[in-house]
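K.L.:
Chain residues, written in single-letter form:
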Amino acid sequence: MFKQANWNEPIIFNLGRSGRKGHLLPKAEEEIRRAVGELDALIPKHMRREHKPNLPELSEVEVYRHFLRLSEMNYGVDSGFYPLGSCTMKYNPKINEQLANLPTINMVHPYQDASTVQGILEILYSLERMLAEITGTYEVCLQPSAGAHGEFLGTLLMRAYHKKNGEIQQRREIIVPDSAHGTNPASAAMAGFNVVVVPSDSEGCVDLEALKTVVSERTAGLMLTNPNTLGIFEKNIEEIAKIIHEAGGLLYYDGANLNPLLGKVRPGDMGFDIVHMNIHKTFSTPHGGGGPGAGPVGVSKDLARFLPVPRIVFDGNSYRLDYDRPESIGKIRCFYGNVAVLLKAYAYILSLGFEGLKEVAEVSVLNANYLMKKLMEIKGLTLPFNNGKPRKHECVFSAKTLKNETGVSALNIAKRLLDYGLHAPTIYFPLIVEEALMIEPTETFEKEEIDRFVEAMRKICEEAYANPEKTLKAPHNTAIPKLDEVKASHPRTMSLSWRMYLKKKV
Amino acid sequence: MVKTLGERSHPYIPNSQPEIKQEMMREIGIKTINELYADIPEKYLLNKPLNLPKALSEFEIKRHIETLLSKNETCSHMPIFLGAGCWPHYVPAVVKEIMQRSELLTCYTPYQPEISQGMLQALFEYQSMICELTAMDVANCSMYDWASALGEAARMAARVTRKNEVLVPQIIHPERTKTLQVYAEPAGIKVVHVAYQKETGLINIEDLKKKISQKTAAVYIENPSYLGFVETQVEEIGEIAHDNKALFIVGVDPTSLGVLKPPGDYGADIVVGEAQPLGNAMNFGGPLLGIFACRDEIGLIRQMPGRIIGLTTTVEGNRHGFCMVLQTREQHIRREKATSNICSNEALCAVASAVYMALLGPEGFRELGETIMLKANYAMKLLSKIEGVKTPVFNSPHFKEFTVNFDGTGLSVKEVHKRLLQRHIHGGKDVSKDFPELGETALYCVTEIHSKEEIERLASALKEVLAKR
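The listed protein sequences correspond, in order, to chains A and B. Going by my numbering, the first sequence opens with residue 1, and the numbers climb by one from there. Going by my numbering, the second sequence opens with residue 1, and the numbers climb by one from there.
Since the hints were made in silico from the structure, they are not lab data. Backbone N, C-alpha and C define an ideal beta-carbon position, used for all residues, glycine too. Be a bit skeptical, because a hint or two may be false.
Claimed, not checked - FRET-style restraints, in silico, Cβ to Cβ:
| # | chain 1 | residue 1 | chain 2 | residue 2 | range |
| --- | --- | --- | --- | --- | --- |
| 1 | B | M78 | A | D315 | 22 to 30 Å |
| 2 | B | K337 | A | V61 | 43 to 51 Å |
| 3 | B | E58 | A | G316 | 26 to 34 Å |
| 4 | B | S412 | A | E327 | 27 to 35 Å |
| 5 | B | H242 | A | P491 | 18 to 26 Å |
| 6 | B | T67 | A | P491 | 51 to 59 Å |
| 7 | B | A187 | A | V61 | 29 to 37 Å |
| 8 | B | E387 | A | D315 | 16 to 24 Å |
| 9 | B | T67 | A | Y138 | 27 to 35 Å |
| 10 | B | R302 | A | D315 | 46 to 54 Å |
Unchecked claim - Derived coverage of chain A by chain B (criterion: at least 3 residues anywhere in the stretch with Cβ under 8 Å from a Cβ of chain B; other residues may be distant):
| # | region |
| --- | --- |
| 11 | 27-39 |
| 12 | 105-113 |
| 13 | 202-215 |
| 14 | 328-334 |
| 15 | 341-349 |
| 16 | 424-431 |
| 17 | 445-459 |
What the hints assert, rightly or not - Below, computed lysine-lysine pairings styled on BS3-like, alpha-carbon distance capped at 30 Å:
| # | chain 1 | residue 1 | chain 2 | residue 2 |
| --- | --- | --- | --- | --- |
| 18 | A | K235 | B | K43 |
| 19 | A | K235 | A | K52 |
| 20 | B | K414 | B | K452 |
| 21 | A | K52 | B | K21 |
| 22 | A | K94 | B | K21 |
| 23 | B | K21 | A | K447 |
| 24 | A | K235 | A | K473 |
| 25 | A | K163 | B | K215 |
| 26 | B | K433 | B | K209 |
| 27 | B | K468 | B | K381 |
| 28 | A | K301 | B | K215 |
| 29 | A | K301 | A | K164 |
| 30 | B | K96 | A | K27 |
| 31 | A | K164 | B | K337 |
Using the sequences and the accompanying hints, generate a full structural model.
P.N.:
The structure is reproduced here in structure tokens:
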């Protein structure tokens, strides 16, 4: 039986004793002190810090133990099944971590002279070329720090393109399907566009007739995830691309679901003009509890001129950074991107090659369809938009029947799964499925672990019909029982820092 | 060399073992995996291999990447005096160890709080310690970096005040300005630069008063500034902003906050900054860690971008716990009306910073600030004795970075740095193109990792290379 560690670990502010030290820093040498004088003489009185910050005072031993205990009250991909749909939770190879922790990357400054950073420039340049090849795009920019950051860049590129054509005043709309990730409309809005939603048809794909009615001379572009968030391949992609391009719009590929297409299909070949990739999904770099990731963007030849500066260029002998791009949109962050993360993606691609990447895609799809087949046998669960066709990397079930018949909801199932030492799927997304359970097993998990998940789902649903109490009150085996998330966000009780808590005492 | 995977199972893909595949295919009722791709129009299915390098074994990858990376010069073998938004600081061993704890490294955003208490508590502690350092009430659990945090802060100020201009100092990181403009422009926000005082580099108050108006959503300053000096007119600037119903945004380098007055003590409404120096390696400029904090005012909090972790209780009310809060601001619920599109952030870097802040404690931050400031000022003292060299350019207190002007030597920064590099010393950032009015000037950085000997080596090397003009 799974039982998560429960240390009841105090908040760090309640640990330690006044006067304890966690780390000894180098000090300014005596001669320096003699030469420069007292610190107070260097800072005008009104700019000095008057009160020391209220930080805890702990020994190194206590700091390490505290965070070790916290880590034990957490669950990662290495702990077990982690089927978060659209999040592509795959194994994070250990060699990649070791390589990304070498001093020859850790201790390199971004403004060093190009002659002193040839190694990392070569890696980044090669990675750009590999990602362009994998996605079928012309040039790739590594600067975005995350998928949504890549989307922001993508929509800014649309802006730059239409501006260049003198049409930005007119092309104010970006179309997104109703099954899209929330970041799509949010990114479009950030880049100053209005969002137009196009519904899905009965098979879960973009409704072509509806699309035709919303497309116009106001259309700046369409953002599409393919396979979509139901795990279904948008089979009409050729027609969709034609409709958008004929209207003068651009086609944007949300790469959150790129995993099942690796080495099989390339977004560029399907007519996409802009493609973002989630390095922390498809290319196996760890999610770290919400980052750091990386969201490179690949573009067609026409759009390459607008990419952020600098671009890495190779003259046949050496690599350098080129800032001289007059049509560039500028920058979306400092420096060149999340380099340590990108290095891991480079190692990952090398570990697989073309054959291996294709195997990743195929096994991720095999796993998803196997899982889907098994779950379809469970009473209480249904598969909306079931067109009899295979899913790709993920499948979305509905617990609506179970909820109507037993009161056990998708949320309750999610919480009860935790009791089995399994992470829950994504729930209540996509929005077009009621009581949604969005399940993506990825290629990482072995059949035995998938079977364990199926078995747990079967037991939970059976338990719901027999005796729902236990499931309704789940979880029981995690570090902490169910939390009051409403209280957490209520203005009266909301405590967003320790000092805020001390004022309110929730 | 791995051949085709048909013959050999891959270590990262357990079900690539051929018999298992067969078994699973039988279960689904298919004969080949390609049947699962049958709904994809044939013209899109790749019919030739991609042009990618052949797969390598783990050992080969290690050797290949180590060899490539060994072409990089690092600050452990060569003194490097670069800062400008990414700084060389020591990362304690404990920080690195915790960063590699698999349960923290390999988890997703904590959507299921009960099984993610470790990550949530660590992030809450990060937020709380950032609040203590900056003297603010609320911090989010990270932005991508300082530049994007500034872009988001400008947009937030515009939403809060319903106005559309932000005033920023003329002396600011050029990449930060570029990023700010890219974030601001689509929202209809105009970025206006405020001039500085020639002598001191400080904000020209007269110019600020001239440019501030009914349209001003925010006044932004940095402390220490991009060119290293301390902005000392902070209270006055904050008052001018508030008198005009604009928000006061302050950008900080948190390593200064053990010795310099925190922005919360001089009226900041929003604080942004770069927490990379708190326990995160440079890594050629990324990942970085954007700070974003504000005052405890619901009108501000509701407009914040990014993930925020809160302290709550269990449903039964007898224990404390942590979960994500105010998700109704965020893209996955609010979609195009969200305060930002940010989703993945730099969470694990925030954990590293939490560990770092806990290790240093209040005394450690004071010591860190003191060591840095004394060393940087020592470097200025030594360099200013060299004929033809003027440092700092501005007559103001400097924290860890300072300007060095070579006009009096007749040499360009580029030439001086080339000669330094031949002596295996890396000079600071050449800022003569970004600030042409300052002549041949570079921005140097000295932190706790620069020893007295290294600083002296820089001074004597400079003397040498300048001697043969």
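K.L.:
Does the beta carbon distance between B/H242 and A/P491 stay inside 18 to 26 Å, or does it fall outside?
P.N.:
holds (24 Å)
K.L.:
Would you mind confirming whether the straight-line C-alpha gap from A/K94 to B/K21 stays at or under 30 Å?
P.N.:
holds (25 Å)
K.L.:
Are there three or more residues in the region 202-215 of chain A whose C-beta lies closer than 8 Å to some C-beta of chain B?
P.N.:
Violated: only 0 residues of the region 202-215 of chain A have a Cβ under 8 Å from chain B.
K.L.:
Just to be sure I understand the hint, the distance between the Cβ atoms of B/T67 and A/Y138 should be within 27 to 35 Å; is that true here?
P.N.:
holds (29 Å)
K.L.:
Under the criterion that the straight-line Cα-Cα distance not exceed 30 Å, is the pair A/K163, B/K215 satisfied?
P.N.:
Holds - the C-alpha atoms of B/K215 and A/K163 are around 26 Å apart, at most 30 Å.
K.L.:
Indicate whether the distance between the beta carbons of B/E387 and A/D315 respects the range 16 to 24 Å.
P.N.:
violated (38 Å)
K.L.:
How does the coverage statement for the region 105-113 of chain A fare against chain B, requiring three or more residues with Cβ below 8 Å from a Cβ of that chain?
P.N.:
Coverage by chain B holds here, the residue count being 9 at a Cβ distance below 8 Å.
K.L.:
Does A/K473 sit within 30 Å of A/K235, going by the straight-line distance between their CA atoms?
P.N.:
Status violated; Cα separation ~42 Å.
K.L.:
Examine the region 27-39 of chain A: at least three residues should have C-beta closer than 8 Å to a C-beta of chain B.
P.N.:
holds (count 9)
K.L.:
Is the listed coverage of the region 445-459 of chain A by chain B valid when you require three or more residues with a beta carbon under 8 Å from a beta carbon of that chain?
P.N.:
holds (count 3)
K.L.:
Does A/K52 sit within 30 Å of A/K235, going by the straight-line distance between their CA atoms?
P.N.:
Roughly 62 Å between the alpha carbons, so the hint for A/K235 and A/K52 is violated.
K.L.:
Please test the hint of 29 to 37 Å on the beta carbon pair from B/A187 and A/V61.
P.N.:
violated (49 Å)
In summary, the numbered hints that this structure violates are 7, 8, 13, 19, 21, 24, 28.
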